[in-house]
Structure formats: C-alpha cells, structure tokens
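A.B. asks: Generate the whole structure from the sequences, applying the supplied hints.
Listed below are the residues making up each chain.
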Amino acid sequence: MLAPALVLYGWFVLWPSLQSLRYSVTDWDGVSPTYRIVGLDNYERLLTADTIFRQAAGNSLKFMLAVVVVQTALSLVLALALQRNSRSSVSLRALYFFPTILSSVSVAFVWSFVYDPTLGLLNSALEAVGLTSLQQPWLGDQRMAIFYLAVVQIWFHAGQMMVVFIAGLQQVPQELFDAADVDGASRWQRFRFVTFPMLRPTMVIVVAYTTIQSFKAFDLVFASTGGGPNHATEILSTLIYTTAFRSFAFGYAAAQSVIFMVLIAAVTFFQQRAVSWAAGGKA
Amino acid sequence: MSSHTRSSPASRLGRRGLLTVYAILIAVPLVVVVATSLKSTPQLYADPVGLPKPPTLANFATLLTDSRIGRSFLNSVVVTAFSVSITLAVSSWASFAISRIRGWLGIALFGLFAAGLAVPAQVAMIPQYVIFRQLGLTDSLLGLVLINIAVTCPVAVFIMTGFFATLPQELFEAARMDGASTWRIYRSIALPLALPSVAAVAIFLFVMHWNDLLYPLLFITSPDHETLPKTLLDFRGEYTTNYTLLFAGVLIASAPMVVAYVALQRYFIAGLTAGATKG
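Protein chains in written order, with the numbering used here: chain E, 1 to 283; chain A, 1001 to 1279.
Be aware that one or more of the hints could be misleading.
Listed below are several chain E residues computed to face chain A (Cβ distance under 8 Å; list not exhaustive) [as the list claims (entries may be wrong)]: (1) Pro4; (2) Tyr9; (3) Ser20; (4) Leu78; (5) Leu95; (6) Ser104; (7) Val110; (8) Ala223.
Derived Cβ-Cβ restraints for the label pairs, each shown as a range [what the hints assert, rightly or not]: (9) A:Ala1046 x E:Ala278: 46 to 54 Å; (10) A:Leu1117 x E:Arg192: 28 to 36 Å; (11) A:Ala1089 x E:Arg192: 16 to 24 Å; (12) A:Leu1105 x E:Leu65: 38 to 46 Å; (13) E:Ser89 x A:Gly1106: 35 to 43 Å; (14) E:Asn230 x A:Ala1027: 28 to 36 Å; (15) E:Gln171 x A:Leu1191: 24 to 32 Å; (16) A:Gly1106 x E:Val90: 35 to 43 Å.
Which chain E residues face chain A? A few, computed with CB under 10 Å, are given here [to be verified]: (17) Trp11; (18) Pro16; (19) Tyr23; (20) Gly30; (21) Leu80; (22) Arg93; (23) Phe113; (24) Gly120; (25) Ala125; (26) Arg143; (27) Phe147; (28) Gln160; (29) Val164; (30) Ile212; (31) Ser237; (32) Ala265.
These are calculated hints, taken from the structure and not from any lab test. For every residue, glycine included, the Cβ atom is placed at its ideal position computed from N, Cα and C.
C.D. replies: Below you can see the structure in the form of structure tokens.
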C-alpha cells in the first residue's frame, strides 16, 4: 500500500536531491559521458568570485523580505477588515483570493502589460492624471525591478494568506474580546494584547509559508523577466535553471542548488525565532 | 456584535475605503486582460486601456484554429487528470498505511514524506533531468505525470495522514475482528470518511498540476507534447508583445480554473489554503 508513493517519491525526489550533492563536486556539463571530480572548487568560485551568484542571492533576499513584510501586513489588515461572515465580506474574500487560482505564467503576462512602458496600464494611468513625471520603465529599471516583481507576487498571493488569517481570527474565543471590552481596552489595545498574541501560531505558519513561497517563485520571475535586464531580477531559482539548462554547467548549478537549500534552511530557522520573539512568545 | 459596536464612523469609512481600493487593484488588471483579448492590435495601439470598440473574437478564432493551443489544451487535460487521480490514489494508500503503523516506523515514514515539503524543486531538478533522460521519459506526457506524482505526493501524504490519524481506531479494530482485510477497511471505511480531506487535496493538486511550468520547461522539447503554461510562454517569444493574442491565450488557459472556482468557490478556498498552510 505504501510502495507506489514511496518508490516514486524516493526515486524521483529524495534520490535526486542527494545526487545534487554528488554533482556539485564535479565539472559535468550534463552531456559528456565523463566528468572530473573538482572537489570544492565550485563552492569556492561561487562564494568568492561569482558576482552574478551574489547578485542573485541578494535579489532573492530582497524579494523575500519585501514580500514577507508587505504581504503579511496587507493580508492581516484585509483579514481584520473581512473577518465577519457577512455577504459582502464573503464576496470580497472570493475576489481577493481569485488571483491564487491563476498560473504564474498568466499572472506574469498580465503584469507585463500593466508595467509595459509604452502601452501599459500604469504609465497610461499616470499620463491620464497628468503625472507623466512619475512614469517609469518599471521592469526595465535595474535598481527597482525586483521590487516591482515583489508587488506582482503580493497581488498574486495576499488573498490566500488573508484566508489563512481569517481562519486564525475566527478561532480566537469571543470571551477574550468581551473581557477586554469590560476592562475598557481601546481598539489598539484589543489588537495588541488579545488578537495579536492569539494569532501567533497563524503568524508563524503564514511567515514560514510566504518565505518558502517567495524563495521558490521561479515560474513568476522566469515568465516575467527571465531574470533580466542584465540579471537585475535574477533570483537563485532562475539562476540555477539557466546555469544548468542554458549554460550546461550541471556541476556548477548543482553547487548553486546546494547553497540555495542551505540558505533557505538558515533563513527559515532565524525567521521562526524572530517571529516567535516579536509575537511575545517564549519559544 | 460587541466587537463592532464601538467602531467610529471614521474607522468604518477607512475600512470601506481600504476594501474598495484593494478590490479595484485586483479587478482592474483582470478586466483589462479581458478587454484586450477582445481588441485587434490596431485598436490596442490606438487605445491601450479603453474598452474594445467594437469587440472582436478574432484573437480567439486565430488561436483555436492554430492547432498548437488546442493540442496543448488537450495535453494539459490528460496530464492533469492522470496526475491528480494517481497522486490521490497512491497518496491515500500511503497515508492510510502510515497512519496504521504504530511506533517509530510510522513516525519515521511520516517524517520522510514531510522532508519532501522542504526541498525546493531547484535542488532536485538537475539529477531529475538526468534520470528522466536515461529512462527515455523526457519529451513525454507519461514523464510529466510521473514527476507530478512524485513531487506532489509529499503534501498529499502530509495532509491525509493527519486526517486518517484523527479517525477513531475502534472502527478499524471492529472491522478487523470481522475479518476485513486492510484493503477492505481502507476502501469501505477509511476512504469514505476521508472524502472531505481527499476533496481538498484534489483541488490543490488540480491547480498545481494545471498551472505547472517548471517540468514541461525541463522535459518537453516538441510542441506536440507541451502543456498550456509552456505554450503560452513560447507564444510570447513568437508574438512579441502582441498582447491581444497573448491575453486570448491566457483566458483559454485559465478558463477551466475559473469555471471550477466559480462553481466550487468555498471548496477551492478551503482546499488551496489547506494545501498551502499544512504543506
């Protein structure tokens, strides 16, 4: 009963994940029948000499931080505004959630049009209200493009995290709010001392999931910009793909993927500590 | 009610303002996509964001007579149908088995599948490509189905094992006493009780598999074996910034999801949320 899932998962996921470690110490190009063991050369080059890798790691962190902070705050605010099960709340939730069901490729195309410098929605809207000075090349702006992509990711997934927060809010016992009211708590105090601490488990889940999800945002970035212009939106997941399947440096890309895995593990670990601490917990 | 009696008119106005602005931010790009798909290219350049005057279905006609998107649509249907149903079958078997194994072995097996949730696709994809090439499974729909099952069974096992573990054990013991086999207990008792959890996982898998880009990008080389996300991506190369055709393609590719979402909204929201946060 266990065998089919175990075989497929072991053979096509677990085993390849371990194989990456082995490839990472070779110079294999993915095609040749032979390759050399190069020891830790790949890692050394990645960590000391490879500026594109460093840029991609930086972009991954920028993208992740922007998405985690803004999307978590936004989805929490939306959840607080829509926590009651009124008719209008239920319809608005359905609308806000809608982008979640679309494919990353579709969302990437929609936003390519929004950001298009000549035809796009944003520049047209700015022109219509006379703010032509604010018009931008958007995804063509090397310094800011990664943040404009973060906006797309937030548009894509904030509704989903809102639903998670609403589920968390609806589990807070009403008596706690009643008690706070009896004590004469202000709205802010109610949020700070009742809602927020009670939401801690939900917050931990949302932040952890959003972190992983934004690190994994391969499809969206690949379909939006392919990592360009000039690596301005290159994140680790797109860089690993192009290194392996465009430059055919399998060994080198495998080393990138191992560092990627370590980075995700480290960030998740510290973030969980930070979230627990910020929410006033002891764990 | 008490929690809302004290909200001032100003804060109620603020709440309404926020909700309206966000609704506009979500809706406007979507409306523009539909409007653009109904324009000709000259109409788009003359008036990029306005409504189509008059609307035309020419883009849809072009795409539907282009056999490529029809072929991809069919491939997507086949790959998604097989991927979802087989993942559900093998994962529910595994979950039931794991939930019946007592002691450290059950915990270890559960942990083994849970580990799969932490591994990003990019970590396994290079060796995966090598293995599939050796097996002759690149550029085939069967290969896509197999990889879909392998990469999504961890989340399915994770959710369903959790569910099976909550079922009262007495039910199974009573059936066992009556001489029922494990398979029979699974089929006649456990699975019917687990249907809500299976349905949630099914929706999650449906969306994941239908929308996946990575594995077709890795494995598929001939247009005949492409699924929709990859075809759409290639379209952009072909019709560079021809948004009118591109958005007609986006609508065709999204149509099954949108129809299912409208029909099963509540289950979709629950299923995708469970898949996300329990995974």
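A.B. asks: Confirm or reject each hint.
C.D. replies: Comparing the hints with the structure gives:
{"no.": "1", "hint": "Pro4", "verdict": "holds (4 Å)"}
{"no.": "2", "hint": "Tyr9", "verdict": "holds (5 Å)"}
{"no.": "3", "hint": "Ser20", "verdict": "holds (6 Å)"}
{"no.": "4", "hint": "Leu78", "verdict": "holds (7 Å)"}
{"no.": "5", "hint": "Leu95", "verdict": "holds (6 Å)"}
{"no.": "6", "hint": "Ser104", "verdict": "holds (6 Å)"}
{"no.": "7", "hint": "Val110", "verdict": "holds (5 Å)"}
{"no.": "8", "hint": "Ala223", "verdict": "holds (6 Å)"}
{"no.": "9", "hint": "A:Ala1046 x E:Ala278: 46 to 54 Å", "verdict": "holds (52 Å)"}
{"no.": "10", "hint": "A:Leu1117 x E:Arg192: 28 to 36 Å", "verdict": "holds (33 Å)"}
{"no.": "11", "hint": "A:Ala1089 x E:Arg192: 16 to 24 Å", "verdict": "violated (48 Å)"}
{"no.": "12", "hint": "A:Leu1105 x E:Leu65: 38 to 46 Å", "verdict": "holds (41 Å)"}
{"no.": "13", "hint": "E:Ser89 x A:Gly1106: 35 to 43 Å", "verdict": "holds (41 Å)"}
{"no.": "14", "hint": "E:Asn230 x A:Ala1027: 28 to 36 Å", "verdict": "holds (34 Å)"}
{"no.": "15", "hint": "E:Gln171 x A:Leu1191: 24 to 32 Å", "verdict": "holds (28 Å)"}
{"no.": "16", "hint": "A:Gly1106 x E:Val90: 35 to 43 Å", "verdict": "holds (40 Å)"}
{"no.": "17", "hint": "Trp11", "verdict": "holds (7 Å)"}
{"no.": "18", "hint": "Pro16", "verdict": "holds (4 Å)"}
{"no.": "19", "hint": "Tyr23", "verdict": "holds (6 Å)"}
{"no.": "20", "hint": "Gly30", "verdict": "holds (7 Å)"}
{"no.": "21", "hint": "Leu80", "verdict": "holds (9 Å)"}
{"no.": "22", "hint": "Arg93", "verdict": "holds (7 Å)"}
{"no.": "23", "hint": "Phe113", "verdict": "holds (5 Å)"}
{"no.": "24", "hint": "Gly120", "verdict": "holds (7 Å)"}
{"no.": "25", "hint": "Ala125", "verdict": "holds (7 Å)"}
{"no.": "26", "hint": "Arg143", "verdict": "violated (23 Å)"}
{"no.": "27", "hint": "Phe147", "verdict": "violated (16 Å)"}
{"no.": "28", "hint": "Gln160", "verdict": "holds (6 Å)"}
{"no.": "29", "hint": "Val164", "verdict": "holds (5 Å)"}
{"no.": "30", "hint": "Ile212", "verdict": "holds (8 Å)"}
{"no.": "31", "hint": "Ser237", "verdict": "holds (5 Å)"}
{"no.": "32", "hint": "Ala265", "verdict": "holds (8 Å)"}
The structure shown violates the earlier hints numbered 11, 26 and 27.
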